[in-house]
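Using the sequences and the hints, build the whole thing.
2 protein chains.
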Amino acid sequence: MSSTEKIHPSISQATGHAVSKKAYHHGDLRAALIEATRQLVEEKGPDSFSVSEACRRAGVSTAAPYKHFKDKTEMLVATVLEGMVRHRNKMLSALEGVPEGSTERITAIGMEYVAFALNEPGIFRLKFGGFTDRIADPRLEESGQQSFGILLTEVAKCLGEPGITDEVRRRGFLLWSFVHGLSFILRDKGLAEKGGDFELYALLEEIAERMLR
Amino acid sequence: MSSTEKIHPSISQATGHAVSKKAYHHGDLRAALIEATRQLVEEKGPDSFSVSEACRRAGVSTAAPYKHFKDKTEMLVATVLEGMVRHRNKMLSALEGVPEGSTERITAIGMEYVAFALNEPGIFRLKFGGFTDRIADPRLEESGQQSFGILLTEVAKCLGEPGITDEVRRRGFLLWSFVHGLSFILRDKGLAEKGGDFELYALLEEIAERMLR
DNA sequence: TCATCAAGTTAGCATCTCTAACATATGTTA
DNA sequence: TAACATATGTTAGAGATGCTAACTTGATGA
Numbered sequence: 001m002s003s004t005e006k007i008h009p010s011i012s013q014a015t016g017h018a019v020s021k022k023a024y025h026h027g028d029l030r031a032a033l034i035e036a037t038r039q040l041v042e043e044k045g046p047d048s049f050s051v052s053e054a055c056r057r058a059g060v061s062t063a064a065p066y067k068h069f070k071d072k073t074e075m076l077v078a079t080v081l082e083g084m085v086r087h088r089n090k091m092l093s094a095l096e097g098v099p100e101g102s103t104e105r106i107t108a109i110g111m112e113y114v115a116f117a118l119n120e121p122g123i124f125r126l127k128f129g130g131f132t133d134r135i136a137d138p139r140l141e142e143s144g145q146q147s148f149g150i151l152l153t154e155v156a157k158c159l160g161e162p163g164i165t166d167e168v169r170r171r172g173f174l175l176w177s178f179v180h181g182l183s184f185i186l187r188d189k190g191l192a193e194k195g196g197d198f199e200l201y202a203l204l205e206e207i208a209e210r211m212l213r
Numbered sequence: 001m002s003s004t005e006k007i008h009p010s011i012s013q014a015t016g017h018a019v020s021k022k023a024y025h026h027g028d029l030r031a032a033l034i035e036a037t038r039q040l041v042e043e044k045g046p047d048s049f050s051v052s053e054a055c056r057r058a059g060v061s062t063a064a065p066y067k068h069f070k071d072k073t074e075m076l077v078a079t080v081l082e083g084m085v086r087h088r089n090k091m092l093s094a095l096e097g098v099p100e101g102s103t104e105r106i107t108a109i110g111m112e113y114v115a116f117a118l119n120e121p122g123i124f125r126l127k128f129g130g131f132t133d134r135i136a137d138p139r140l141e142e143s144g145q146q147s148f149g150i151l152l153t154e155v156a157k158c159l160g161e162p163g164i165t166d167e168v169r170r171r172g173f174l175l176w177s178f179v180h181g182l183s184f185i186l187r188d189k190g191l192a193e194k195g196g197d198f199e200l201y202a203l204l205e206e207i208a209e210r211m212l213r
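So the sequence lines, in the order shown, correspond to chains A and B. Using this note's numbering, the first residue of the first sequence is number 1, and each one after it goes up by one. Using this note's numbering, the first residue of the second sequence is number 1, and each one after it goes up by one.
Keep in mind that the hints were calculated from the coordinates and are not lab data. Keep in mind that a hint or two might mislead.
[Said to hold, decoys possible] Between beta-carbon pairs, the in silico distance windows are:
#, chain 1, residue 1, chain 2, residue 2, range
1, A, S52, B, I164, 47 to 57 Å
2, B, E142, A, S48, 19 to 29 Å
3, A, E43, B, K189, 22 to 32 Å
4, A, E100, B, T165, 34 to 44 Å
Positions of the beta carbon are idealized from the N, C-alpha and C atoms, including for glycine.
Below is the structure:
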């Protein structure tokens, strides 16, 4: 698929928007713009992203996005939200088949977390390291909490706690901090320099054990 | 001090530049622009920073910076480098008076790391979470390695290892990941929500113990 | 059928980065 | 000391961008 090809998704599923806005002129410009934004953020980096270029890629005028998004920031937020949904779903499916209450479940979540950072570094940066100064969007906040909740549930089972106790929250916070930092470092350094030295899975296992012991 | 006051530092010390460029028209425009950049990055956030505004604050035309920096990115890099020097010096002075080979030294470094992230979130973001897509400057890389070296030295002493062995590197990497992630999370959430729940120093102590045991 | 409204368009303003051409201070050298 | 070379600044302007206003078009439903 050529990178300059216009984007015309048939149906907007990921946006979670009213089906009523589905097919006017473009088909689903909102979804197309989100996809163009996602591509550009990965190709050029979040800082070099421009609305104009997304418009060119979606094959519409530069004024068109403003019928769907308040401004550039909202466009990025929508794109990040879409990414977070994918991220969460990946984490959940990574848990399938892994024994309940085992530390491997924690490790699996961590692997998926790091994988997302490495596979979609642009979105990852927008989501986390990103533009807190530009956005304090409650939807991003909430979406993050949901993902954190998945981890906490697993930690509770691992520790044999009855629910999300203070201790669970504390351990979860420590684990999250570690995996979060690891993701950033690996993403920044590139897998070559740091990931080559250590086996990622072994690293995450060791951490899970040290933290949950 | 008014935020619109012009910046006229008497002597450029932090830039580490040839003294020959000290006093032409402005005094030391290079240093003044770095300071203006630093202020703006903290006030408006790294994404909203503009060269024009830095010029206004330094009281020069918008073309003036290009006599000192190749482009906007180089201006930001110079500002981040200056911040990294300050950061490293703070870490080093945090070690003074703390017993050699104690885990408190590790904790002290961690505290300083987190403090920098919280006190200078804009620079911290540019330095790390920041604009890897825009910059892969070798000077930033090297400066980061130097800071990491400080940590590794302390880890080696803590573990009683003869030098920077593979095991030291591994533990140091784990510790760094954790503190790095913690800094990001605390910075993003704001101290209120997360830092309120846990005592930062205690958290870092616990981590140091779990990691170095 | 036709009025309404959603979703596009074009035109244009304000701002931004960066360059070219010009102006001036400084320090050097004949 | 006069003239030159260079560092450092200025003004003017090209090209890109974010966003708005005003207009056009096409789908939907009374």
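For each hint, the structure was consulted:
1. Between A:S52 and B:I164 the beta carbons are some 49 Å apart, a value that agrees with the proposed interval 47 to 57 Å.
2. Distance hint check for B:E142 and A:S48: the Cβ-Cβ separation is about 25 Å, which falls inside the suggested range of 19 to 29 Å.
3. Between A:E43 and B:K189 the C-beta distance comes to about 30 Å, which sits within the given range of 22 to 32 Å.
4. The given range of 34 to 44 Å is respected by A:E100 and B:T165, whose C-beta atoms sit roughly 38 Å from each other.
In this structure, none of the earlier numbered hints is contradicted; all agree with it.
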